[in-house]
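Can you make the complete structure from the sequences, with help from the hints?
So the chains spell out like this:
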Amino acid sequence: MYPPKLEAIINLFESLPEIERRETLVSYADNAKKQEPRPGEIFNLEDVRKDEECADTVGVYLQVDDEGKAHFRMTLGPEVQTLTRAMTAILCKGLDGRTPQEVLELPSDFVTRIVGAELVRVRSQTIYYVLTRIKGICKVYLDRQRMAEVA
Amino acid sequence: MTTSPTQYAHPEALVDAEWLEKHLNDDGIRIIESNEDILLYDTGHIPGAVHIDWRSDLQDQVIRDYIAPEKFSELCSRNGISPETTCIFYGDKANWWACYALWAFRLFGHEKVKILNGGRDKWKTDGRPVTREVPKFPQTNYPVPKKRLDKEIRAFADEALAQSKAGQPLIDVRSPGEFKGEITHMAEYPQEGVLRGGHIPGAKSVPWKTAANDDSTFKPPSELAKIYLEQCGLKPGTDTVVYCRIGERSSHTWFVLTYLLGLDNVRNYDGSWTEWGNKVGAPIEKSA
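Protein chains in written order, with this note's numbering: chain D, 1 to 151; chain G, 1 to 288.
Derived by calculation from the structure, the hints in this document are not laboratory data.
Some hints could be false.
Said to hold, decoys possible - Across the chosen pairs, the derived CB separations fall in these ranges:
id, chain 1, residue 1, chain 2, residue 2, range
1, G, T125, D, G116, 38 to 46 Å
2, G, A68, D, E67, 55 to 63 Å
3, G, K204, D, D51, 25 to 33 Å
Unchecked claim - Below 25 Å or equal to it, Euclidean Cα-Cα: the simulated DSS-like pairs (lysine-lysine) are:
id, chain 1, residue 1, chain 2, residue 2
4, G, K124, G, K204
5, D, K33, G, K122
6, D, K50, D, K34
7, D, K50, G, K235
8, D, K33, D, K50
9, G, K219, G, K151
10, G, K209, D, K50
11, D, K50, G, K136
12, G, K124, D, K34
13, D, K33, D, K93
14, G, K136, G, K147
15, G, K165, G, K204
16, G, K235, G, K122
17, G, K180, G, K151
18, G, K235, G, K219
19, G, K136, G, K22
20, G, K279, G, K165
21, D, K33, G, K279
Bear in mind the structure is a predicted one, so any value in this text is a computation, not a measurement.
Quick reminder that beta carbons are idealized off the backbone N, C-alpha and C, glycines included.
Shown next as structure tokens:
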């Protein structure tokens, strides 16, 4: 149902007691900076903006390789919450190598399995925001592909 | 009360970062971090600080209310807090949740409370030390508070309505857009499920940020007096009710009015707009 890399992350989090779950989320959040674009990387699409529902600017960068597999990079402003940072690192890793169509079809119900019920609350709903943005850039990519095929 | 004071009414209710850094290991104090970002404490906090979460620690998990006095006693005891402990609160978002936690501690009658001026943001910006080490303190035996000060510092919806009908001061500390009813959530925040926009009839709009500098510290006494006493017309001895969406931003203003300006009879309507904006039959104004 989920991409294997993401499934492995979900299984890991579900096996952790609450304290270790928090520690692992913080560890992923610490690694969010490693998901930033690297010098020389070229992307098919870049989407950098600040939406009302997010506290700071979030950038999503999509690269689709010759085999049609998607690779993501992201940039986060300093005001972005820790959970959102963690989810950024998790999704960049967990969705790496899937096709844009597979990413678009991914259900979002895994988020609570990773984060846990205790940490999901109204004011932390922006953890879904990163997934929404990743899906958004995949949709734009696919729409452009279809338009190019029609043309 | 002078309208141009040169010092806060209760200067002892504030500590600055420089003082705190020199007193981290003092006996008789407990540093308490309280944030909106649930994992922020875990990413690094002031050495010796404990974490108290506004929802899982201070609120009842079933009913929309605060914990029972027995639970407050347990919370304090496991954090090594006694009634004589001076609790110094700080947190993110210019101390919104720190003020909220302080207000909740006052609900249970804990008297020795202070705010770290500038909160977490200023502490970090100043380059002061942080750690991920979670401190352990000897368990105390905090006595179960005999009551909560709901009558004294908290307002409920019917009391906010009475305040409105009597033309008594009601301060809406939300953003102007929320006050006018143009938006039903805070800018940059997800929806918190409010059906109606606007404000309680008769409320004045004084956004919480009016009381804060850009570095999250509180504005000086003379400026606060100008805003709340001169421009807003608040007076000592008059019942005043403050509200926002869920009671955290209004806790910030409640702290300013109560401790920095020394107004008595200020109550926080913590049900705030997430109650009022959904309440059947609650009157609403949408004017500017």
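Tested hints:
1. G:T125 x D:G116: 38 to 46 Å: For G:T125 and D:G116 the Cβ distance comes to about 31 Å; the hint is violated.
2. G:A68 x D:E67: 55 to 63 Å: The hinted range 55 to 63 Å holds for G:A68 and D:E67, with Cβ atoms some 60 Å apart.
3. G:K204 x D:D51: 25 to 33 Å: holds (31 Å)
4. G:K124 x G:K204: violated (34 Å)
5. D:K33 x G:K122: Between D:K33 and G:K122 the Cα gap is close to 23 Å, so the pair holds against 25 Å.
6. D:K50 x D:K34: holds (20 Å)
7. D:K50 x G:K235: violated (41 Å)
8. D:K33 x D:K50: With Cα atoms ~18 Å apart, D:K33 and D:K50 stay inside 25 Å; holds.
9. G:K219 x G:K151: The hint is violated at about 29 Å.
10. G:K209 x D:K50: Holds, at about 21 Å.
11. D:K50 x G:K136: violated (40 Å)
12. G:K124 x D:K34: This hinted pair holds, its Cα atoms lying about 22 Å apart.
13. D:K33 x D:K93: OK: D:K33 and D:K93 at ~13 Å, within 25 Å.
14. G:K136 x G:K147: Between G:K136 and G:K147 the Cα gap is close to 28 Å, so the pair fails against 25 Å, i.e. violated.
15. G:K165 x G:K204: This hinted pair holds, its Cα atoms lying about 14 Å apart.
16. G:K235 x G:K122: Violated. G:K235 to G:K122 sits at ~32 Å, over the 25 Å cutoff.
17. G:K180 x G:K151: Outside the cut-off at roughly 29 Å; violated.
18. G:K235 x G:K219: holds (19 Å)
19. G:K136 x G:K22: The given pair, whose Cα atoms are some 20 Å apart, holds under the 25 Å limit.
20. G:K279 x G:K165: The hint holds at about 17 Å.
21. D:K33 x G:K279: violated (44 Å)
Hint check: violations occur at hints 1, 4, 7, 9, 11, 14, 16, 17 and 21; the rest are consistent with the structure.
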